[in-house]
Amino acid sequence: KAGVTQTPRYLIKTRGQQVTLSCSPISGHRSVSWYQQTPGQGLQFLFEYFSETQRNKGNFPGRFSGRQFSNSRSEMNVSTLELGDSALYLCASSRIGGGATDTQYFGPGTRLTVL
Amino acid sequence: KQEVTQIPAALSVPEGENLVLNCSFTDSAIYNLQWFRQDPGKGLTSLLLIQSSQREQTSGRLNASLDKSSGRSTLYIAASQPGDSATYLCAVGSSNTGKLIFGQGTTLQVKP
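One line per chain: the protein sequences are W and F, in this order. Numbered per this note's numbering, the first sequence spans residues 471 to 585. Numbered per this note's numbering, the second sequence spans residues 790 to 901.
Careful, some of the hints might be misleading.
Stated by the list, open to error - With a Cα cut of at most 30 Å, we get these calculated DSSO-like pairs of lysine-lysine:
(1) W:Lys-527 / F:Lys-900
(2) F:Lys-831 / F:Lys-900
(3) W:Lys-471 / F:Lys-900
(4) W:Lys-483 / F:Lys-831
(5) W:Lys-527 / W:Lys-471
(6) F:Lys-790 / F:Lys-831
(7) W:Lys-527 / F:Lys-857
(8) F:Lys-857 / F:Lys-790
(9) F:Lys-831 / W:Lys-527
(10) W:Lys-527 / W:Lys-483
Stated by the list, open to error - Each pair of labels, with its calculated beta carbon distance range:
(11) W:Ser-540 / F:Gly-805: 49 to 59 Å
(12) W:Pro-509 / F:Asn-811: 14 to 24 Å
(13) F:Glu-804 / W:Thr-477: 29 to 39 Å
(14) W:Leu-553 / F:Gly-805: 24 to 34 Å
(15) W:Ile-482 / F:Ala-798: 40 to 50 Å
As the list claims (entries may be wrong) - Only part of the chain W face toward chain F is listed, based on derived beta-carbon distances under 10 Å:
(16) Leu-481
(17) Gly-512
(18) Phe-534
(19) Thr-573
(20) Arg-581
Keep in mind the hints are simulated off the structure, nothing from the lab. We put the CB at the ideal spot given by N, CA and C, even for glycine.
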């Protein structure tokens, strides 16, 4: 079974631009969670989607948004990029439960650099 | 607010040594505790998941324990190998928020 895939793997943007990241979960998994990882803050939960609905969200500004499609693929969008948005963005999938209840399988991440 | 702490932040040991990584959490309202491994620049790999009602889980050379009442977990690695070098992250599934809360990790180096 193929693992979680994320595209693109690397991105360089400038301040003020917007960016869209994509995540394809493991086949049969319906829950997709997104995390931001930085050296200073560590791993922080962004949001979780299940059956095309946002089921939980972390403490991030409204510039961070996401969605999930009927095939469980998910995208996250960051608008009006700031230097502090530079991070590794990780996507994780699980069968039904979110990260707090089910084993999560992580993708390799998208490294976003904001200049 | 749930906080997860991992000590030490970094650890260097010679090959073959048995070692223990520590994780503590402030709120006992958890579904489970999970240990992950992260190699540089890569995603996370799930190692062990201990349900809140369990005391320990084992997988190969890894053994994780959970003491929910004291807010502590340990990951024991037996007969360490250079391939075990990575960052080990502890995370708790909060039953209050439904979120997975991570510690900052312990970076392990096993020297040949």
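Hints, verified against the model:
| no. | hint | verdict |
| --- | --- | --- |
| 1 | W:Lys-527 / F:Lys-900 | 41 Å, violated |
| 2 | F:Lys-831 / F:Lys-900 | 21 Å, holds |
| 3 | W:Lys-471 / F:Lys-900 | 34 Å, violated |
| 4 | W:Lys-483 / F:Lys-831 | 21 Å, holds |
| 5 | W:Lys-527 / W:Lys-471 | 28 Å, holds |
| 6 | F:Lys-790 / F:Lys-831 | 29 Å, holds |
| 7 | W:Lys-527 / F:Lys-857 | 25 Å, holds |
| 8 | F:Lys-857 / F:Lys-790 | 16 Å, holds |
| 9 | F:Lys-831 / W:Lys-527 | 24 Å, holds |
| 10 | W:Lys-527 / W:Lys-483 | 25 Å, holds |
| 11 | W:Ser-540 / F:Gly-805: 49 to 59 Å | 51 Å, holds |
| 12 | W:Pro-509 / F:Asn-811: 14 to 24 Å | 21 Å, holds |
| 13 | F:Glu-804 / W:Thr-477: 29 to 39 Å | 37 Å, holds |
| 14 | W:Leu-553 / F:Gly-805: 24 to 34 Å | 44 Å, violated |
| 15 | W:Ile-482 / F:Ala-798: 40 to 50 Å | 29 Å, violated |
| 16 | Leu-481 | 14 Å, violated |
| 17 | Gly-512 | 5 Å, holds |
| 18 | Phe-534 | 15 Å, violated |
| 19 | Thr-573 | 5 Å, holds |
| 20 | Arg-581 | 8 Å, holds |
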